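**Student:** What follows is the residue order along each chain.
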Amino acid sequence: MELALSTRNLNRRFGSLVVAQDIALELPQGVRYALIGPNGAGKTTLMNLMTGMLAPDSGQIFLAGEDITSLRADTRVRKGLARTFQINALFPRLSPLEAVTLAVLEREGHAHNWWRGLPRFAGPIDEAHAILQSLKIPPTRETRELPYGQQRLLEIALALATRPRVLLLDEPAAGVPKDESAVLFDAIANLSRELTILFIEHDMDVVFRFASRIIVMVGGRILVQGPPDEIARDERVREVYLGKAHA
Amino acid sequence: MKKLVVAAALAAAFGSAHAQQAVKIGMPLTLSGQFADAANQMLNGARTYMKMHGDTVAGRKIELITKDVGGPAPDVAKRLSQELVVRDNVDILAGYVLTPNAMAGGDVSAEAKKFMVVMNAATSVVITKSPYMIRTSVTLPQVMETFGTWAATKGAIKQSYTMVTDYGPGHDSENAFQTAFKAAGGTIVGSVRFPVANPDFSAFVQRAKDLGPESIFIFIPGGAQPAALGKAFAERGIDKKKTRVLGSGETTAEAALKSMGDTALDIITAWHYDYMSSNPLNQKFVKEYQAVSNGRNPDFFSIGGYDGMHAIYETLKKTNGKTDAEAMIAAAKGLKWESPRGPMMIDPDTRDVVQNVYIRRVQKVNNELVNVVFDTIPMVKDPAGERRKKK
Amino acid sequence: MASASSIASTHFHAKVRWHPLEIVFWLCTLLPFVLTPSYLSLASQIAITALFALSLDLILGYAGIVSLGHAAFFGVGAYTAGLLAKHYWSEPLSGLVIAAVAAGVVGYALSHIVVRFRHLALIMLTMGFGLLLHEAANSASALTGGADGLQGFRVPAVLSFKFDMFGRSAYAYSLAVLFLCFLAARRIIHSPFGLALRGIRENALRMPAIGAPSRAHLRKAYTIAAVMAGIAGALLTHTTSTVSLETLSFGRSADVLVILILGGAGRLYGGIIGAVIYMVARDQFSGINPQYWYFWIGLLLVMVVMFLPNGILGGISALYKKSK
Amino acid sequence: MLSSAVGVLFDGFAYGMLLFLLSVGLSVTLGMMNFVNLAHCSFAMVGGYATFHLMTRLGWPFLATLPMAFLAGALISIVLERTLYRHLYRASDLDQCLLTIGIVFISVAAYAWFYTTEQQSIRVPDWLQGAQHVGGMTFANYRMFLVVVGLAITALLILFLEKTRFGARIRAAVDNQRMARGLGIDVDRAFMFTFALGGGLAGLGGALSIQVVGLDPTFALAYLVYVLIVVAVGGLGSIGGSFAAAVVLGISDMAGKYYFPWLGAFLIYLVMVALLMWRPAGLFGKR
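Heads up: the sequence lines are chains H, Z, V and G, in that order.
Heads up: the first sequence begins at 1 in my numbering, then just goes up one per residue.
Heads up: the second sequence begins at 248 in my numbering, then just goes up one per residue.
Heads up: the third sequence begins at 639 in my numbering, then just goes up one per residue.
Heads up: the fourth sequence begins at 963 in my numbering, then just goes up one per residue.
What the hints contain is simulated information worked out from the structure, not anything from laboratory work.
Bear in mind that the values here come from a model prediction, so they are computed numbers and not experimental data.
Just so it is clear, CB atoms sit at the ideal spot from N, CA and C, and this is done for glycine as well.
Do not rely on the hints blindly, as some may be mistaken.
[Claimed, not checked] Pairs of lysine-lysine residues, derived as DSSO-like cross-links and limited to a Cα-Cα distance of at most 27 Å, are as follows: (1) Z:Lys298 <-> Z:Lys569; (2) Z:Lys564 <-> Z:Lys360; (3) Z:Lys534 <-> Z:Lys360; (4) Z:Lys564 <-> Z:Lys298; (5) Z:Lys580 <-> Z:Lys376; (6) Z:Lys638 <-> V:Lys653; (7) Z:Lys360 <-> V:Lys800; (8) Z:Lys488 <-> Z:Lys580; (9) Z:Lys360 <-> Z:Lys401; (10) Z:Lys583 <-> Z:Lys637; (11) V:Lys858 <-> Z:Lys376; (12) H:Lys79 <-> V:Lys858; (13) Z:Lys488 <-> Z:Lys429; (14) Z:Lys569 <-> Z:Lys534; (15) H:Lys136 <-> V:Lys653; (16) Z:Lys376 <-> V:Lys800; (17) Z:Lys271 <-> Z:Lys405; (18) V:Lys724 <-> Z:Lys360; (19) Z:Lys308 <-> Z:Lys534; (20) Z:Lys583 <-> Z:Lys308; (21) Z:Lys271 <-> Z:Lys564; (22) Z:Lys636 <-> V:Lys858; (23) Z:Lys583 <-> Z:Lys360; (24) Z:Lys456 <-> Z:Lys505; (25) Z:Lys611 <-> Z:Lys565; (26) Z:Lys637 <-> V:Lys724; (27) Z:Lys531 <-> Z:Lys565.
[Stated by the list, open to error] Now the stretches of chain G that chain Z is said to cover, found in silico as 3 or more residues with beta-carbon under 8 Å: (28) 1022-1031; (29) 1134-1147; (30) 1167-1179.
In isolation and in its complexed conformation, chain H is listed as follows (with noise of 0.2 Å):
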């Protein structure tokens, strides 16, 4: 089975803290990731590791198989990886549907163009707006204006908008009260199935509902990953999440 993203004993310390040590991960094509543990864990810091935000100290990171350690964020982003932000980084005067075709224009090649007026160019500017629709995000308001939940959505379709191969989300529900969450998940979990998705989440039951297999991290080092159940029965994971005292 082909592997859609993996790395290879990655390093990563901040002076003496240690953020990340011989990281060595491999999602396979398709495959729905939940990445747990708790706060300051270095799940972001991997995240940003693995979209080149962050230069890693050593090791390797690999694309479907193509060594993209050194290259340069936008470019992994051109080859098929794709992030959101845990706060979010939208642009604020742009609508939902100029920030989406914007990442439709960048993914087509197409922004470099600066003669040919925006209208002109319908097929971008559609796909846009079907992301939007299947998101239910209103694609003219200005972002500022939306309300918190949606603009999370949009994290989501500016993401899509890239065609990722693989998609990192992190803590696509931060900040979304529990019952819009669940309509976050659900329009996640219908994305395609050949997408790789690899998801930050602390809410347990939707990490066991959505994600097919679990990662759980600490100390910037990964503890064990397995399917659910395993994981939920695993001593070290409940040891880590009730502290020893409670074993």
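We have chain H already, so just place chains Z, V and G on it with the hints.
**Tutor:** Frame of chain H; chains Z, V and G shown alone:
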């Protein structure tokens, strides 16, 4: 038929009225920005002349219209000169503190055929920009070449180290002084240029002091520089026995002397005007000038303005009020008069200023520092202008 | 499905279509020929400054790059046009093209450094390059004429329209070039590249995450802005037949920044409105009071900031929205 | 040759002290409070003209006018902060630029109106005139005075900000407005005081610089460039950074003029560009 008579009568009335109509003098000056003080001194010089000689000449009232160029901006100077001609329909253009602005004004004077009087801009080539232009201030070669020749001959100085401000007039003075000094047998041991922006001279004065050449020649513009140079000299002091200090008139201007104190003694300068000169005409001018400018002493910008107005008045008298440029320039050529600075003439061929160049030394006269004149080179023509004639 | 794409394209069409107010504005720019024939040389210099402010708006208003050294490209354009007229030929239209290329080359070269920095470091670097270029022009006085300005050249006319004292052909020439550059700027703003620039301004960190090569976009924007500034510089040389160090000065860079903020950055028309108001106010104030007009211009700036935040256009559009 | 090297270093350091006094206030307001106050040099001019006025019109001795120059600078900055700046703390930095450039224009015109455009200078007391000649080296008295005052002010400033409770409160308020308000710190008063302190130091710097570079109404514009260079190179919000940058730029300017004068004004700009490209956040920049 009736219409014709009415038109003729109107024209006649208009024609004669013409004689009574005011003579408008348009003056684009740098009244704001770094050279605002120079413009104010020049304007006060012109106003002093009008106060002393009345404001009507050959039956016509004289009216000054000032515009602010704001600094060395020839595009603005040209536009303002054009507007003065087109909108305010001035008869004469005058003023022009800075060379780039005078060059731009010259183009308008030539195109619009307007008599023009440059009251300061000192770069020699300015005068060639319009056939209707005269200059009543000074040209750099006129003073600096004369000074270079004097230094190597009468001044008995063998070597000199030149220090000038790094901009147009500075470069012209450096090369004028150096060529004349070398031609008269002197040798230049080195030269340095001060940046225009940052008027802190201590490093340069220190360097000159350490080199200890037989003499140093300094050129700096008016405004902020003389005082700052004076302070650097006061701080560092120059060993007068080893090094003789030569400079353009600005080096020992009023502000420089005030901040230099006794270190200024024995500094030798060449210039065409000093407000302390004992010439009676000058004493009267200084008194009147102080009244007009609430107590300020005149400097070479002021005398440029004063003599500029004199040239305009005399020319209008000779053309009895007619202001067309051909008549005025013809009347102005060869004009000779006694100015507070000394005898002056407008060169009939080059239309440039011809005047005495005074060699002065700073001495204490009833314990006040004064530039005392101890040698005069009479009626010096602008050498660069003469060379242009031969070409 | 037609309805889906129709909503989408109308969204973009609405933005691109010419608003009647714009057409009225450009017709008004022809009024000076009739109403104020004796102010045409001022009008020509306003048009040139408006073009210069428009070029700054491309990088400041649309890409978020604050530059305090934009006069560098204005000066390069001005000197290129002047030197061309002095040593080769004085036909202005070809002069414009060559000046634009020269400024573009300098802009492209500097853009490689400028795009790597942000915030105060970026502002100070642009200022530093501007000051260095100004010093270079001053010390290369053999070539540039230094502080006395470039001498010995004249640009008599454009297409047989003589440049004269009344400034008629000067204003026509400047206005025509301003309008053409404005059309180009308008196309750029409404193109995919324009959208990418707005993306960078809104959130520079997010752009790489949607696969956008931000630095390449910024380099291109900086070069286009340099070209347009160079054209403005060349226009000044042609219409006044003067070139001086002032075209490279920090004062001119600061003035154009003030003009753009006054008008309102990021609105295409901000630079033009700012130039008209700033230069007419300066001309009138300095006419009334040649020595102290700075006071009134200062007061005008303070008033605009206190009562019309985000510049005149920003303030008016805010009032307009509030009233709706 | 060594003697002149020491001389240049000393002069450069003295000139650096001047630049430091003029720019430390801006580094604090621009760095910590994120307020683009381009009118900072107008505060310096206010101090300079206060000293000039007291000395020449009212006959005060030079040293007595220095505290008054500090007060004048502090007062004008409080007035401006309370009336205008307060409304623009959350405005865009471009609007802050426009407001403060407007104030610079007003100050230039106002001082030209009251004190004419004449280049002013003052008579410092005799013991500050002239120079000491020690083994072939020249140390100008006034420059020694500048060094002493500069070091004293730096020590006082660091002592005050680092050691006193009030200083700590200012740093807290300026560093994180919301948190400071949470702790019950009166942030408005802290901001006002920070501006006053910065303005006062600039006023003192303006007064001290008359003897070196003179004073005229365009001072506010002429020195804005140098102050911005010191703040950018030193690093935002860091007093130590401003000190280091002022000294480095002062010495390199002085050495440039002495050893390679043909470089002239290029040098200080080249040094700035090089330092900024090496350390964009400034030598000790926090952000």
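**Student:** If a hint holds in the structure, say so; if it doesn't, say that too.
**Tutor:** Now for the hints, and whether the structure bears them out:
no. : hint                  : verdict
1   : Z:Lys298 <-> Z:Lys569 : 22 Å, holds
2   : Z:Lys564 <-> Z:Lys360 : 20 Å, holds
3   : Z:Lys534 <-> Z:Lys360 : 37 Å, violated
4   : Z:Lys564 <-> Z:Lys298 : 18 Å, holds
5   : Z:Lys580 <-> Z:Lys376 : 16 Å, holds
6   : Z:Lys638 <-> V:Lys653 : 65 Å, violated
7   : Z:Lys360 <-> V:Lys800 : 17 Å, holds
8   : Z:Lys488 <-> Z:Lys580 : 47 Å, violated
9   : Z:Lys360 <-> Z:Lys401 : 45 Å, violated
10  : Z:Lys583 <-> Z:Lys637 : 24 Å, holds
11  : V:Lys858 <-> Z:Lys376 : 43 Å, violated
12  : H:Lys79 <-> V:Lys858  : 24 Å, holds
13  : Z:Lys488 <-> Z:Lys429 : 23 Å, holds
14  : Z:Lys569 <-> Z:Lys534 : 32 Å, violated
15  : H:Lys136 <-> V:Lys653 : 24 Å, holds
16  : Z:Lys376 <-> V:Lys800 : 19 Å, holds
17  : Z:Lys271 <-> Z:Lys405 : 52 Å, violated
18  : V:Lys724 <-> Z:Lys360 : 24 Å, holds
19  : Z:Lys308 <-> Z:Lys534 : 25 Å, holds
20  : Z:Lys583 <-> Z:Lys308 : 24 Å, holds
21  : Z:Lys271 <-> Z:Lys564 : 15 Å, holds
22  : Z:Lys636 <-> V:Lys858 : 53 Å, violated
23  : Z:Lys583 <-> Z:Lys360 : 24 Å, holds
24  : Z:Lys456 <-> Z:Lys505 : 22 Å, holds
25  : Z:Lys611 <-> Z:Lys565 : 44 Å, violated
26  : Z:Lys637 <-> V:Lys724 : 24 Å, holds
27  : Z:Lys531 <-> Z:Lys565 : 25 Å, holds
28  : 1022-1031             : violated (count 0)
29  : 1134-1147             : violated (count 0)
30  : 1167-1179             : holds (count 6)
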